[in-house]
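Take the sequences, apply the hints, and build the full model.
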Amino acid sequence: MPRARVAFYGDDFTGSVDALLQFARRGWTGRLFTRLPDAAVLARAAAEVDVVGVAGISRSLSPDDMDAELRPVLAAFATLAPDLVQYKACSTADSSPRVGSLGRVIELGRDVFGERPVPMLFAQPDFGRYTLFGQHFAAERGTVYRLDRQPTMSRHPSTPMTEADLAIHIGRQTELPIGSVPLLAFDDLAPRLRDAPHAALVLDALTDEHLVAVGKALGALPRPVFAIGSGGLSHGIAEAAPGDGPVLPTSTTAAGPVLVVSGSRSAQTRRQADAAAAAGWLVRPLPLRASERDVTAAEVVRVLLSGRGVVLTSDDIDAAAAGERPVLEAIAEAAASVISIVARDGASRRVIVCGGDTSSRVTRLLGVESLSIAANPWANIVLLRAWSGDAAIDGLELLLKGGQVGSDTLFTDIAGLGDDPAR
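In the working numbering, the protein residues as written are 307 to 729.
Treat the hints with care, as some may be off.
[Unchecked claim] With a Cα cut of at most 25 Å, we get these calculated SDA-like pairs of lysine to any residue: (1) 522 <-> 384; (2) 522 <-> 419; (3) 522 <-> 480.
[As the list claims (entries may be wrong)] Pair ranges (Cβ atoms, derived): (4) 378 <-> 525: 21 to 31 Å; (5) 474 <-> 553: 34 to 44 Å; (6) 421 <-> 604: 50 to 60 Å; (7) 713 <-> 493: 20 to 30 Å; (8) 596 <-> 678: 25 to 35 Å; (9) 626 <-> 553: 44 to 54 Å; (10) 344 <-> 528: 22 to 32 Å; (11) 528 <-> 350: 23 to 33 Å; (12) 493 <-> 562: 48 to 58 Å.
Keep in mind the hints are simulated off the structure, nothing from the lab.
The beta carbon of each residue, even a glycine, is placed where N, CA and C say it ideally should be.
Okay, here's the thing in structure tokens:
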């Protein structure tokens, strides 16, 4: 009976989609679930495709909550007997002892898959993420910064990055020993990964060739391999053994106005909203108060039906409007509510959700059961087809966007995809 070669869990939905894209670009067929399905559904998917994924929310959870979220998924993956299990982490490695702990992920992975060294690769060169001598770097607006000096990540609201040496950074999240392997030692990478005295090893990478070298080394390790890493790790695994799946389309037949809902406070997302406003779109704060939601949703539907795009932002909201609820939960609930109304009224079938944590929660609140890639217009931008038992949500086209992802004109560029069939 065929079985999936790789199973992965994504720490948020945007990262999960990126992993799915990296495999699909290299001919691997895949299926991404929005939560852990029952055993029969998971086994059936694993028998039909090369890679199965579960999109999760662990990036924003405490270690105890990560146990409850992640352990059942890893245990389910173990029953599939894949060659490799990947914990898809953000390429900026943002985490802490209290939130999204990568140290806890190492502990859980070793509990389920055996106490072998866990390879960790966070570099993703096509996204401006690099690791050299264990130090991590991240680009922003054309400049590459050491991670602890990168303008966005050094000031991240929940997991500010204050250490660029990833072995030190992750070592603060577990009592297990964390090491690293520099590029200078890649000639005998597989034996180093197999025989290291460390619980986990940070791997360097500056180019796509380095990613592939890691992929090949993982292919030489005893099965099953448990590894942690970004879409760069997915790239390296798939490129080391390409599949024969279909070529991804660059556009879809969807057209019409676009709705954007944002939980991101990134400066890049704000620039995208400002560019949309300059193009004539309606830009408003998300309505966190339930009493305001119907009025805002009615205005959004009216504007969309008139042919204009809409952006609902969160960096300018009144946080007090969330009341006693965590702001992230209030944002996700408000965003899902507006999307549901828009979808039921037929005002838009293409929606952009900004923010990894927000995307995770909104997708689940909408009742989306799984996602497949509809198109890959350019770079790491992915349009997804939502699968749901709810007829209004089924077939909705989604773009789940990380805060720093995309050009300033991303929103209007997506809206224009259906205008020119030759594009």
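Evaluation of the provided hints:
no.: 1; hint: 522 <-> 384; in the structure: holds (22 Å)
no.: 2; hint: 522 <-> 419; in the structure: holds (20 Å)
no.: 3; hint: 522 <-> 480; in the structure: violated (28 Å)
no.: 4; hint: 378 <-> 525: 21 to 31 Å; in the structure: holds (27 Å)
no.: 5; hint: 474 <-> 553: 34 to 44 Å; in the structure: holds (42 Å)
no.: 6; hint: 421 <-> 604: 50 to 60 Å; in the structure: holds (57 Å)
no.: 7; hint: 713 <-> 493: 20 to 30 Å; in the structure: violated (39 Å)
no.: 8; hint: 596 <-> 678: 25 to 35 Å; in the structure: holds (33 Å)
no.: 9; hint: 626 <-> 553: 44 to 54 Å; in the structure: holds (49 Å)
no.: 10; hint: 344 <-> 528: 22 to 32 Å; in the structure: holds (30 Å)
no.: 11; hint: 528 <-> 350: 23 to 33 Å; in the structure: holds (27 Å)
no.: 12; hint: 493 <-> 562: 48 to 58 Å; in the structure: holds (54 Å)
Checked against the numbered hints given earlier, this structure breaks hints 3 and 7; the rest are met.
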